[in-house]
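Colleague: Each step along the sequence shown adds one to the number in this note's numbering, with nothing skipped, and position 196 is 930.
Honestly, the hints are just simulated from the structure, not real lab data.
Idealized CB from N, CA, C, for every residue including glycine.
One thing to keep in mind: the hints can contain errors.
[Unchecked claim] Lysine-lysine pairs mimicking DSBU-like chemistry, simulated, CA-CA at most 30 angstroms apart:
1. Lys918 / Lys880
2. Lys880 / Lys762
3. Lys1103 / Lys1042
4. Lys799 / Lys809
5. Lys799 / Lys879
6. Lys799 / Lys762
7. Lys918 / Lys799
8. Lys1042 / Lys1085
9. Lys809 / Lys879
10. Lys1095 / Lys1171
[Unchecked claim] Here are the in silico distance ranges between beta carbons for each label pair:
11. Glu1170 / Ala913: 25 to 33 angstroms
12. Asp886 / Tyr1030: 32 to 40 angstroms
13. Arg1186 / Met920: 23 to 31 angstroms
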Amino acid sequence: MLFNSIEFAIFLPIVFALYWSINNLNLKIQNALLLVASYLFYGWWDWRFLSLIIASSLVDYSIAKKLGGSDNQKKRKTLLLMSLAINLGLLGFFKYCNFFISSFVDAFLLFGKRLDVHTLNIVLPVGISFYTFQTLSYTIDVYRKKINPTNDILAFFTFVAFFPQLVAGPIERAGNLLAQFYQKRMFDYDKAVDGLRQILSGLLKKTVIADNCAIYVNYIFKNYQTLSGSTLLLGAIYFAFQIYGDFSGYSDIAIGTARLFGFDIMRNFAYPYFSRDIAEFWRRWHISLTTWFRDYVYIPLGGSLGSKWRQIRNVIIIFLVSGFWHGANWTFIMWGLVNVLCFLPLLLTNKNRVNLDTVAKGKALPSFKETLQIVTTFLMICIAWIFFRAENIGHAFSYINRLFSTSLFYRPPDRFLKFHIVIIIVFVVLEWIQREKEHLFQINGIRSMFIRWSMYYVALFIVIHFSSNQQSFIYFQF
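Kindly produce the complete structure, drawing on both the sequences and the hints.
Modeller: Encoded structure:
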């Protein structure tokens, strides 16, 4: 079920009430309730895929137990490879099978040979990329002896299926989230209230920003050949805000919902569009995935150690893998390469770790230099997003070619401007004001209860008003 749906609005209060009503009972009963609720939440899309997440959980629970009970390095490596093969094999079959079949057929077409091979009718299970990486990180950490394998199968299964972050992250680590399933949880009013505020922040981003931008993005990308370059630039900017509002909105709702149940899960976005370079952007965008690739791919490859050529190789690999993780389409590979091209100048000049703090920290406005850096970085990101949104490589290059035509300097039609530009400007201003906070409605500093509650009600009214344009979350397809 969708976070911004009537079903979830009914589901969440019921689970919340049941969960805290059994607070004085055994901890396992609480965890069992969360597991049942999580399976119900996931099965709402397609109950058949419950078997897949259960199988994935069982595989990594069992393998981790054997890893913990063995000091034989050869056996441990074999067990780790089994986990990698099973998890990545399932992910590869459901997500990439048709991509490889199509690419294989297209390769033969280049030599004038047509193969009578057809793609398979495969339905991609929602969230498979997210929970697969979550279970894999657990097994790898046990293999590395960073954590001990759990003996509590109920806690582990609930950790994998925990419904707030099950289908689109954040991708949690066992060291943080699994450990919380062992601890007795007491209702914390302040934490619950802050959770509700963050949920409201996420709904605002999703329904007001993302879903409304989607209407124009879909039209512009579909009809780009008949539109001016200025309109196409606007389409790229709208998509940047669509995907940000959509995904960071989901993460806010996930984190806020987890807090209602007494859990703290990791932050996934930190106002990335205020980044001063592409390296800073990737430290602030989809943080759980970026750090996952850093810890389990980039560092094992050698990270930033060794020669400059080795560092370049590692950066190329990490962005290509990230692109491929996002989808079975060459557009995502190209999106990864575009990010490589933006990142390499920073790496070659040793400036990839310059901007580590919040921009204009403690100040009302950024400097001229910071403003120029933010705008330049944002425009580079928008160009990269074109490949992410395009249906194929040809579509992306054709879109960019028309964007950078003389019509780039024409005024876009009024129907693509007006109200939605105002919404985005207001949203950017609010984010700038709150850029040192966790989310938009972390407004504890406002002492007046009347002002705070007025802001909540206005935001809720706006969310309800714009909810008629409901769209699915973009990252559900990944």
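Colleague: Hint by hint, say whether it matches the structure.
Modeller: Hints, verified against the model:
1. About 23 angstroms separates the Cα atoms of Lys918 and Lys880, which keeps this hinted pair within 30 angstroms; it holds.
2. With a CA separation close to 25 angstroms, the supplied pair Lys880 and Lys762 stays within the 30 angstroms bound.
3. Of the supplied pair hints, the one linking Lys1103 and Lys1042 holds, its CA atoms being roughly 28 angstroms apart against a limit of 30 angstroms.
4. For the hint linking Lys799 to Lys809, the alpha-carbon distance of about 13 angstroms falls within 30 angstroms, and the restraint holds.
5. Restraint check for Lys799 and Lys879: satisfied, since their Cα atoms lie roughly 12 angstroms apart, inside the 30 angstroms limit.
6. A threshold of 30 angstroms between alpha carbons decides the hint, and for Lys799 with Lys762 the separation of about 20 angstroms falls inside it, so the pair holds.
7. In summary, the hint linking Lys918 to Lys799 is supported, as the alpha carbons are separated by about 24 angstroms, within the 30 angstroms threshold.
8. Our distance criterion of 30 angstroms between C-alpha atoms is met by Lys1042 and Lys1085, whose separation comes to about 13 angstroms.
9. At roughly 15 angstroms between alpha-carbon atoms, Lys809 and Lys879 fall within 30 angstroms of each other, so this suggested pair holds.
10. For the given pair, Lys1095 sits about 11 angstroms from Lys1171 by alpha-carbon distance, which is consistent with the 30 angstroms threshold.
11. Evaluation of the 25 to 33 angstroms hint for Glu1170 and Ala913 yields a pass: the beta carbon distance comes to about 28 angstroms.
12. Our hint of 32 to 40 angstroms for Asp886 and Tyr1030 is violated, since their Cβ atoms are close to 24 angstroms apart.
13. Between Arg1186 and Met920 the CB atoms are about 25 angstroms apart, so this pair conforms to the stated range of 23 to 31 angstroms.
Violated hint for the displayed structure: number 12, the only one.
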